[in-house]
Structures are given as C-alpha cells and as structure tokens.
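Residue numbers (my numbering), protein chains in the order written: chain A, 1 to 338; chain B, 339 to 676; chain C, 677 to 1017; chain D, 1018 to 1358.
Just so you know, not all the hints are guaranteed correct.
Said to hold, decoys possible - Here are some chain A residues pointing at chain C (derived, C-beta under 10 Å):
(1) GLN35
(2) PRO36
(3) VAL37
(4) ILE96
(5) TYR97
(6) HIS110
(7) THR158
(8) ASN159
(9) ALA162
(10) GLY237
(11) TYR250
(12) HIS253
(13) ASN314
(14) TYR317
(15) PRO320
(16) ALA323
Unchecked claim - From the derived model, a few chain C residues whose C-beta atoms are all more than 10 Å from chain D:
(17) GLU698
(18) ILE777
(19) ALA818
(20) LYS886
(21) VAL889
(22) LYS892
(23) GLY893
(24) LYS918
(25) GLU921
(26) LYS931
(27) VAL995
(28) SER1004
(29) SER1006
If you're looking for bench data, these hints aren't it; they were derived computationally from the structure. Even for Gly, the Cβ is constructed at its ideal location relative to N, Cα and C.
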Amino acid sequence: MENISKIDLLWIYRKMKTSRYFEEKMEKVYLEGKQPVFNIGAGPVPGEMHLSNGQEPAAASMIVHLTKNDTVTATHRPHHQAIAKGVDLKKMIAEIYGKKTGLGKGKGGHMHLFDPNVKFSCGGIVGAGIPHAVGAALANKKRGKNWVAVAFIGEGATNTGAFHESLNLAALWNLPFIVVIEDNKWGISVAKKNATSVTSNAVRAKAYGIKGYSVKDNDPIEMYKVSKEAVERARKGEGPSIIEIETYRYLGHFQGDPELYRNKEEVPKLKEKDPIERLRKEMLKENEATAEDFKKMDAEIYQEVDKAYEFAVNSEYPQPKDALEDVFCESLTNAIKT
Amino acid sequence: MENISKIDLLWIYRKMKTSRYFEEKMEKVYLEGKQPVFNIGAGPVPGEMHLSNGQEPAAASMIVHLTKNDTVTATHRPHHQAIAKGVDLKKMIAEIYGKKTGLGKGKGGHMHLFDPNVKFSCGGIVGAGIPHAVGAALANKKRGKNWVAVAFIGEGATNTGAFHESLNLAALWNLPFIVVIEDNKWGISVAKKNATSVTSNAVRAKAYGIKGYSVKDNDPIEMYKVSKEAVERARKGEGPSIIEIETYRYLGHFQGDPELYRNKEEVPKLKEKDPIERLRKEMLKENEATAEDFKKMDAEIYQEVDKAYEFAVNSEYPQPKDALEDVFCESLTNAIKT
Amino acid sequence: MKATKEKTKKLTGSKAMIQALEQEMNRDDSIFIMGEDVGKYGGIFGSTTGLFDKFGGERVMDTPISETGFIGAAVGAAAEGFRPIVELMFVDFHGVVMDQIYNHIAKIHYMSGGAVKLPIVLMTAVGGGYSDAAQHSQTLYASFGHLPGLKVVAPTFPHDIKGMLISAIRDDNPIIFMFHKTLQGLGWMDQIDASLGEVPENAYTVTLNKAKVVRKGKDITIVGTQMMTVEALKAAEELAKKGIEAEVIDLRSIKPIDKETILQSVSKTHHLLVVDEDYLSYGITAEISAIVASEGFDDLNAPIGRLAIPDVPIPYSRVMEKFVIPDSKSIIDSVLKLITV
Amino acid sequence: MKATKEKTKKLTGSKAMIQALEQEMNRDDSIFIMGEDVGKYGGIFGSTTGLFDKFGGERVMDTPISETGFIGAAVGAAAEGFRPIVELMFVDFHGVVMDQIYNHIAKIHYMSGGAVKLPIVLMTAVGGGYSDAAQHSQTLYASFGHLPGLKVVAPTFPHDIKGMLISAIRDDNPIIFMFHKTLQGLGWMDQIDASLGEVPENAYTVTLNKAKVVRKGKDITIVGTQMMTVEALKAAEELAKKGIEAEVIDLRSIKPIDKETILQSVSKTHHLLVVDEDYLSYGITAEISAIVASEGFDDLNAPIGRLAIPDVPIPYSRVMEKFVIPDSKSIIDSVLKLITV
Ligand SMILES: Cc1ncc(C[n+]2csc(CCOP(=O)(O)OP(=O)(O)O)c2C)c(N)n1
Ligand SMILES: Cc1ncc(C[n+]2csc(CCOP(=O)(O)OP(=O)(O)O)c2C)c(N)n1
Ligand SMILES: [Mg+2]
Ligand SMILES: [Mg+2]
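All chains should be built: construct the whole structure from the sequences, respecting the hints.
Below, the structure written as structure tokens:
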C-alpha cells in the first residue's frame, strides 16, 4: 500500500462498504411482497434487480480519482458506481422504490439512474452507455477542460459493436476517456470463455493504439494504481485507456436467477477473498486504521444508508397521470391521443 | 513469382482484366442519358454506381484459391469480386440494367447482386455483409465441410460494430472465415487516418486472437501468397484471418463524385503502378506468357464482356406489376393493400 | 394439418413453445437455435428450457452479446440451407440489430428476385406490466409490422403458440415470432389462467396470417393482441352484465393483418374498438382503424375507438405503468363511450 | 418569431438548410455538426456545403462509419451542454443505430424525470424515385413516428426547411429532421420547381408541430408529406379541370400530427385521401385515417383513401419503382374513386 494516502484508502473502504451494505439491504427489501411465492412484479421494489456485491473495487478504486466534473456512465448493474460517484443516496433509493422523490420521479427505476449534479447515468441496454461517455469526453475536450469520462461495463459488453465503435472514436479523437471492464466471468449465464475470443480484454487496446491494463483478482489496491495512471494520462491529453479487472459476482445475474449454470462452490470460494475484508485487514496490518476506526465508520455507513432507505419508504408515490409528463421539455398532457 | 503456377497467374490476370474492362465499359454506359446534364436517375443504368477500377488484386488473388462451394460476401462496390467469383456475367449486367433477365429480375440493382450458384452476395449497408459470411462459415463447420467464407469490405467498414461482433464470433467459434479489407484510403471523402485509430487493420487481429496479414501496395503476387496461407489455414480448421491490402481507388466514390476532397495528383501517381500492367510485365519478363498470349486473352475477354452487355441491352424490362412479386415465397399480388 | 382433437395436455405458453421446438428439431436437423442464454439457462423467459440437454451445444448455441453478429450470421447460415431459430430475449433490444432485420433478412428474398430463401425464425419476448421500465417493457409490434418482407406473429394462447411456432419454423420466409412474457406461465411472474391451455401432443400447425374470433358478440368488435386480448375477454364478461355483447378478436398476426375476419365482424357489430399494448401513434390501433375506415366504412355506426399506450415511454413506477397500459377497466370505459355515442 | 416579409432570396432546399445551420452556428457556439462526409464533402445531399471551410473541423466533424459511436456520443455531449447536430446520410441506415435513438435519445429526458435535456438534431435524407433500390430509397417516416420521445419533422418547401431546421436547433428536445433528396434542388438529381422558393435572409422559425394547408379546396382533403405533397398539388391542378377542388395539406410534422388542421379540413370537404411515400401498413395513411375515423367520423361522407408504397421493398428497376411510389396520376385515380363512391 506504499504511496496510497490514508485518506484515499479510507475513502475506498467507505465507498465499498456503503455499497455492500446498500446492496445487502436491497437484497432483503427486494424480497418483500415476493414471498412465499417469488413474483418479479410484486412488492415495494418490483422489476429486475441486478446487485453488485463483490464488484465494489472496480467502482471505488477508480472513482476515488474522479471529481464531480468527471463523467461516469454505468450499466444495468449500477449501484456500486453510483454510490462511489456520490449520487444522492436518498433520491436513488426513492427512485428504486418508484417514488415521486426519486432521481427520475419514479419513471426510471433501478436500471435508469440519472444524477446530472455528479454527472452519473446508467441504462439497461448492454454497451449503450459507452458512446455516451465518449460524447462527454468529447465535450470536455471541446471545452478545453481536463475532465475525464469513464464508462463502466461488464466483460460481456466488450463483444458489442458499441464497444468497438466507441473505442475507435475515443482513440481517433484522442479523448479523455476510460472504459473499466468489470470481468465477473459471466454475462447472465454465458461464461466469458464462451463469449469472448480472447482471455484478456486489455489486449484489445492494441486494436485502437491505446493503453490496456488488467487488474488481477479483484484487488482494490492494484485497481487504485492502474486507475490513477489512466486518469492522469487522460487529464494530460495522453488519450484513452481500457482497464479490465477480474471481479466477483456473489449473487445471481438478477435476483431470482436460479444460477443452474454455475457450480455451487464458485461463490463461497470467492467470498473467502472478499475485497472489502481484504482491504480492512491490510489497513489494520499496516496500521492505517484501528478496529475502533472501522467500527465507527461502519456505524456511520449503516446509519446513512438506513436513513436513505427510510426517506424512500416514507416518500409519496407519483400520481398515475404523472406518467404523461416529462416526455418533452413541455408537458404532453394535452397532446395525448386516446 | 516463384511457386505460383502459370495457370493461377493467367487466371488472376484474366479476372483482373475482365473486371477492369467491365468497369471501364460500365463507366461509359452509366453516362448514357446523363449528358449534357448529369442526372443520377436518368439513362439505362440509373442510381448510384460504385466502380472498382484499381482494386482488382484484392478480389482475383484471393478468389483464385476458392471454389464455387466457398462463399463470398461483398459490398456496395462488388463487381470485381463478383466477376472473380464467377457470377453469371450476363445476368449480372442485366440486373444492373434493371432487366427481367437479371440476377434479381431487376429488383436488386448494382449494389444487390445475388448468385447462389456460386455463393456470391453483396449489399449496400457498410459492414452488414460480414456477419453473413460468418454465418456461411458456421454452416460449413456444422456440415463438416472444409469450405470457407470470405467477406470483402473496405477499410472504412472496419470501424462498424458489425466488424467487431463478426470477428469475435468467427474467432470464438473457430470458423473457416476470412475478412479481406480493401484499403483504398477512402471512405467516400473520409481518409483512413481520419476514421481508423490504427494505421494497419492487421493489428486488430490481436483483439480476437487470430492471424492478421497486410499486403503492401496493391501487389497481386503478395496477395496471392497471403490469401493462399489464410485459405489453407481456414480449410484445416485453424481459424479465421484478417487480410488488409493497400489498394487504389482510381475513380470517385461513386460516379459523379466531384472528388474535391483529394488532390489531383493522387490518382495519376497510382495509375503509374497499375497492378494489371505490373502483372502483365512481370509475366512477360518471367516468360509466363507472351505478348501474343495476352493479345489473345484480352480479345477473348473483350468479346465475353461485350456479349454480356449485349445480352443485357437486348433483354426485356420487367412489368410494373412484377414489383409485387417475390416479397415472400408465395406471391403477394392478392394481398396488396391500396 | 389442422389441430387434431386427439391426445392433448394442459401446457403453459412456455411449455408449448418448448414442445414445438423439440418436435421440429427432432424432425429436421437443419434447424438450430442461437441466442443469449438459450443454452443451459433455457431462455430467460423459458422458451428453450431443456433443449440444450436434449440437443447439445451444437444445435442450441449460446451467443455473445453481439446481436448484429449472430442475427447477421443467421442470414448466411439460412442462405446455406440451415433453418436458424434465433432468440433475442427482449424485443426492446432490437434497436441494435434492426438493420440486419429490415434491410437484409426482410429484403434479400425480394432483391434476389426470389433466388435466395431465408427460413429464419426470430423469437423475442414482449410486454410489460411488471415494472421493468422503459427499455424492457415494450412490445414494438408496429415497429416490425411496418417493414415489408417480414411476417410478424404474436399468438396469445398455448394452442396457438405451439401451432404458430411450428408453422413459422416450416415457413420458408423470415418470421418474427413474438411471445408475451405474462403468457408464458412462468413461476416467477403473475399467474394468469390464459397462460395455461390444452395443447395437442403431436406436432400441428396453425395458420400464420389469420385472426381469430375468441368471443362472439353482436354489439361491438374489440380487437386485441396477446395480453390485450386477455383483457378484452375480461372486459367482455363485465360488459355482458351490462347487456353489451362484445365480439372479441385475437389478432394473432401483426403482419399481414387478417382484414376479412375484422371487416366481417364489424359488418355485424357496426362498432369497433382496437386495443394495443404498443404505442398509440402508428400502431395497431392506427392500422386496423384505417383498414376499417377505408374498406368497412359503410358498416360503421360510430367513431372507431383506439386504446393504446399514450405516446410516452413506459414508466417504472407501478402506479404510472398501470395508468399507461390498457386493461379491462379502461376497455370497458372506452366501450361505454363508443356505444353511448 | 414568424417569418418576416422583408428581404428574401430564392433558395433551394439544400441552400435553405445550409443557411439555417450557418446562422445558428454563428449565434450559438455550443452547436456543432457531426456525421459522415459532412466536412469537406459538404454532405452527400448538400446539407452542409461550405460549413467546414467557415467553421473548421472542430465544429463540422467528419466521423468514421460508426453510427452507434457518434450518435451515442451526441447523447453524452448534449448532456454536457452542447447542442449536437448529427447527420446520417440516408434514413435507410438507421437500422444500425435505432437503439441509441429510441431507447436513449428518445427516453432519457423521461427516465430522468426531466433532469436531463438532450437538444440533439438528427438530420437525414429520405426518399426514392432515382433507382437507388431497396436500401437507399426509403422514407421510414413511421418507423420514427411510432416511437415516443421524438419530434419528427419532414418539411417540403425551402421556406419551411430553413424555418423548421432553426426551430429544431433551438428546441431542447431531440428532433428527427428529415429532408427529401429530390427537394434539395441538387444539380445532379431531377430538377423540380418545388425545390426552389423564396426564403427570408434573416433567421426565423417555423413551428415544428403544425401542418399547413397549401391549397384550398372544398371537395376532398388530400394529406401529403414532402414529395407526396408536391404530387398532390400537381394532381389538384388536374382535378380542378375536372371540377373537383381538392384541399391539399402538407403534413410537415410526422410526430406529433397536427390533428386540428386535418380535422378542420375534413369537416369542410367530407372526403379524405392520405398519400405517403412510406410503406402502407402502420404508416402515415394508417395514423391519419385512424385520427379522422375516431375524431372526425361524423364529418366523413365516404371511405378514407390510402395511397402508399404497397408493402414491398423498393425495387431498383425504374418501371417497377415508378409503380410502387405514388404520383399525381395514382392520386387522381384514387380521388376519382373516392368522389364517385
Ligand atoms: C443489447 C442488449 N442485449 C442483451 C441484453 C440482455 N442482457 C442484460 S445484462 C446481460 C449480460 C451482461 O453481461 P456483462 O456485460 O458481463 O455485465 P454483468 O451482468 O456481468 O454485470 C444481457 C445479455 C441487453 N440488456 N442489451
Ligand atoms: C451503415 C452505413 N453507413 C453509411 C453508409 C454510406 N456509405 C456507403 S459507402 C461508404 C464508405 C465506405 O467506405 P469503405 O468501407 O472504405 O468502402 P469503399 O467505398 O472505399 O470501397 C459510406 C459511408 C452505408 N452505406 N451504410
Ligand atoms: Mg459479466
Ligand atoms: Mg475505402
């Protein structure tokens, strides 16, 4: 952990822990109203739910290098990046609960979180967020700012046309753009080896004449260093990078996934190497923080997250007719045909 | 020209020469009815016209290694590959004239030539033909045949999502697939350096773990050798290849292109190195053929092409109502709504 | 052959699909299935469950997330004589591959003057109602219906699902086969009676281009598709109590539309309501209204009613989603407006 | 502001577009243009000629053939406060990028509850009639009109082309701006009078969502778009000689449709013919017929006429292409059928 400031280490721990606690709580509330018989459309949080437990290092150890002027685009599995990027937690949970107070007034849902204040967005179409980040990077270059744009994707998204077109554009125009590939081995039920013709997506950087990095075994420290270099290079106008990190998907693709396609030992093995626990132990060993510090920090985190959930639970639902608003900047209400 | 059979050399020459003469004649007939004022919709050959003068080596020196069981897909600039693949010349020209006797009964036109007898197809959407060839290669593998599928594209098409998705699939499934990239430096008016983030698309093979080859300066002999290796490897189940050949675009992107975007010296310089003349001289030097042989061959070629044009010119136009046929295997005529 | 009244079994929509696929794959080994998660997973909406174990990875192929790649590959494989069945999980995702669908799959037979045949079936799940939001709840019926060269079917009941899927597989033309998530009878979604039905065990075909009168009535014709047919039938029961006898037509074929069945019904009821889970503008309500207004005009005694998703994206929050997707209640309201016109 | 009657100049559609772009780019430097061959080439259909020299490569950017890349990039740039104008040469090519258009550009404002604005103009050339065959001759009006979250305009005459393009650029919503190849007045295509018109030199706006009565008449309403408006006007002259006074409406806005103007006209003429250069099923003829059949039913004295490209791909050979694209002759025939009904 040489030359990583204690502040950064604590920040990374805090964000990873916040995300983990957030997701574990979401895992529970998602099941409300879905028992004894699971029904995806029932309960206070209906629809698909993609959780990121185990994938926290990718988000926290990259985003620690970003400011609110830097852009992040994410995917259908967006909570860990959203939390690291500083998306308003209350409004984010309220959105997931479909409340009027949510980021999108309940119109978006968990796959569609937009917080322009911290330049965060995500979406449900694999690969589609990559060019959005390229566009933000283009805007930054046009404005002469040293702001960067980072697209987070899964390893499965590297085989979409959007990936290729976006990387070529970013490289061609030498944009401050980084793509972080969270290789959790799976695209739903399709293993990386059955989807991607190369074992490491870092080599794909060669196809664009840019820099490619791989981070092994979900290591928050290694991810921190690699990201630092990539972000600094981007800010200096030295062009885009591809970063692929081996990470862990503890849960199913979405909640309710029977997971018949992977063997039962995989996850327990991964959990033995839990990245948050690893970082905590490291920091204790290196005396970067005491057991007390962690206890205090964890308590703060639980309280913050719990409060945000409360806010969401206690918020109002939108009115049915609100569905007709926000299609365009001006209201559509009077233009409706029926 | 060591270890290239005379037969192959003569075949390559014949196909290149046939294509060149075909295109030069097309250049003329295309202007019929379009003078004194050029009108793209007028004359016996209306619509867009993309000619391949100067790009013959890519087609002839690859396709010499193929049989009629091997598949070729091409682009909006398809004549040189079609001729090398053995597409019925009469029906091809008839199609371009919009005649009932054409390959597509006049429904397709010059960008849409389909000859299942020799497994040739092309289309007007950049990149779209690449996955079609991947599918043919998949079919060959499923049948346990050693037949190969070759997709011909321009260098501009390497930046489409279709290119990336197709190459990854072909590599992943280890298919007998080859993509030949005709780098004529231009995608309409956009120079390769303004469109592609790497100078050579051969390096992009690394992104798929396959073999990449580049052929310099439009050389038919080098293209022959490289293609031979790639085709043999594909037949042996050793997987896909990318071949990029530097080639020449003598004419505008399409006929009528003002070409204000490239300087006037470019084409004359290229023509000094005309690949057909180069091959002819080489063969004379190496005594592979005599001036007499060439004279005789050329005469045969002119006659064959002229006859095919005659056939087209003398063929009937379709009936207006024929437009309603061939939408589905059974006739649509009675189902039409108006 | 038509459905035989012999041996039948109660199956869900999902099981009906699987049975059709299995029986046809046994019959013809030029058929193979490609798509994301069609293998071990068995299809996100249960369309291929068990087929990977029965037929192996050669004939039930998982793909990367490369829709243009593998749907484009279906063109090449079909041109070579195979009969690919390709699934793309949600209809919403087709935006990444529409070019292959409308410029190639739909047009190659025509552009080749009939020389090239592309017997491809594209299967995809449609529909909302379970809070999956704007990018996972669409039907996009008309987005496919508008484009020439495609037959687009959307069966409702298990019997039609099996029979029309077999017809689609045996057809030499490209077919878009849309199945509705809620009608698959999946254990993890809403359970509705319509997703269960008697299905003959043997293979049989149901014509692709015919609508079906699923309830006779004399007062008004209600045309629905998939879940809208189910809601229309519910509404019809309620309306009957009010003395209004609605005739309900299950469209089944989005393209071509079976005009005859619709016009004949309207010539009897003189009233028409079209209900659609797709967007209002340029949707099914538009096309059917136009057909009747131009070819059945004199049979109409009242304005045509249109009920569809108002031209808004599908919102996530349940209260708003319920508001935009038509249901038996909004159907009843519309009918009462039309009849008392 | 409305068009001022002051200083005007006769311009082609192409020149009108260029003038709109130049004046707006001078006014607001957050505007930039991206697309294939929009730079030195000046746009394949003359939409950006000269702008590269005036504004340089930073504001008039040629792109690779990566539609999902650069149209997706427009989303990110717009969210950051820029106002991208993106051209994709032919409407036919949008199949490769429909996802960015209907799932993202069209829905992000809505899904974000209004928090994100995407002031993007997508310009594209539409139309056939010059033998460019099935993949280069479509209009696909309805393919865009069907999808919520997009304003889709298709002006016909130079005055509207300039005014509506300026309105589109100033609108904070995403706009699909379709210009018709034949109406650009390009030297290398058919020369038609309609492609030339008086255009005010100063910047001005024309409302995006209004249709326009371009010829008054009492006997029948003919609704057209772009070249179909031009053909309808031609037909109207002929019909007048036969004593039939047709009112011709230039639709101009594909989405939303200006119902009021159409309904008002039909309430006067009691007859309606809709003409479309797009495909018949689920097209403009469907939507407008449905609007009138549901909201103007009592004003109709005869069945509604629909004239569009029968549901076939557009054939290459001139004789067949002319047969499938409506023209003044087929319009006259249809009108005579309807009026003598
Ligand atoms: C274009 C498109 N195709 C398919 C899907 C369905 N889908 C959603 S997530 C997913 C797997 C994504 O895998 P990966 O990119 O590795 O992300 P992960 O889920 O592992 O985080 C798929 C196939 C989609 N949303 N969009
Ligand atoms: C998807 C798509 N985008 C754009 C076009 C318009 N277009 C036709 S050819 C062409 C340039 C192609 O360049 P290249 O691939 O190098 O082939 P070349 O014309 O040089 O043979 C373009 C942009 C198209 N046909 N399809
Ligand atoms: Mg993954
Ligand atoms: Mg080129």
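How the hints compare with the structure:
At its closest, the beta carbon of GLN35/A sits 12 Å from a beta carbon of chain C; the interface hint therefore is violated under the 10 Å criterion. A cut of 10 Å between beta carbons decides the hint on PRO36/A: the least distance to chain C is about 12 Å, and the hint is violated. Interface hint status for VAL37/A: upheld, as the beta-carbon distance to the closest one in chain C is roughly 8 Å, under 10 Å. Look at ILE96/A: its Cβ gets to within about 9 Å of chain C, closer than 10 Å, so that hint holds up.
Of the supplied interface hints, the one on TYR97/A holds, with its beta-carbon coming within about 8 Å of a beta-carbon of chain C, less than 10 Å. At a threshold of 10 Å, the smallest CB-CB gap from HIS110/A to chain C is about 8 Å, leaving the interface hint in force. With 10 Å as the threshold, the beta carbon of THR158/A comes within range of chain C, its nearest partner Cβ sitting at about 9 Å, so the hint holds. Given hint, ASN159/A at the interface with chain C, holds; its Cβ is 4 Å from that chain's nearest Cβ, closer than 10 Å.
Interface hint status for ALA162/A: upheld, as the beta-carbon distance to the closest one in chain C is roughly 8 Å, under 10 Å. Hint status for GLY237/A relative to chain C: violated, with the closest Cβ pair at about 32 Å, above 10 Å. The closest approach between the C-beta of TYR250/A and any C-beta of chain C is roughly 19 Å, which is over the 10 Å cut-off, so the hint fails. For HIS253/A, the suggested interface contact is upheld, since its CB lies about 9 Å from the closest CB of chain C, less than 10 Å.
Checking ASN314/A against chain C by beta carbon gives a least distance of about 16 Å; that is not within 10 Å, so the hint is violated. This hint holds: TYR317/A has a C-beta 5 Å from the nearest C-beta of chain C, less than the 10 Å allowed. Residue-level restraint check for PRO320/A holds (minimum Cβ-Cβ distance to chain C is 4 Å; threshold 10 Å). For the restraint placing ALA323/A at the interface with chain C, the shortest Cβ-Cβ distance is roughly 4 Å, inside the 10 Å limit, so the hint holds.
GLU698/C, annotated as away from the interface, keeps every beta carbon of chain D farther than 10 Å; the closest lies near 32 Å. Non-interface status of ILE777/C relative to chain D is broken: a Cβ of that chain comes within 10 Å, the nearest being about 7 Å off. Consistency note on ALA818/C: stated as away from chain D, yet its beta-carbon is not over 10 Å from all of that chain's, at 4 Å minimum. No Cβ of chain D comes within 10 Å of the Cβ of LYS886/C; the nearest lies about 17 Å off, and the non-interface call holds.
Every CB of chain D lies more than 10 Å from the CB of VAL889/C, the least distance being 22 Å, so the non-interface label holds. Remark: the non-interface label on LYS892/C is consistent with the geometry, its nearest Cβ contact in chain D lying 24 Å away (cut-off 10 Å). Every CB of chain D lies more than 10 Å from the CB of GLY893/C, the least distance being 20 Å, so the non-interface label holds. The Cβ of LYS918/C lies farther than 10 Å from every Cβ of chain D, with a closest approach of about 22 Å, so its non-interface assignment holds.
Interface exclusion of GLU921/C from chain D stands, the closest Cβ pair being 22 Å apart, more than 10 Å. The claim that LYS931/C is not at the interface with chain D is violated, since a C-beta of that chain comes within 10 Å of its own (minimum 6 Å). At roughly 14 Å, the least C-beta separation between VAL995/C and chain D is larger than 10 Å, which holds for a residue marked as non-interface. With a least CB separation of 21 Å from chain D, SER1004/C remains clear of the 10 Å interface cut-off, as annotated.
For SER1006/C, the shortest C-beta to C-beta distance to chain D comes to about 15 Å, beyond the 10 Å cut-off, and the non-interface label holds.
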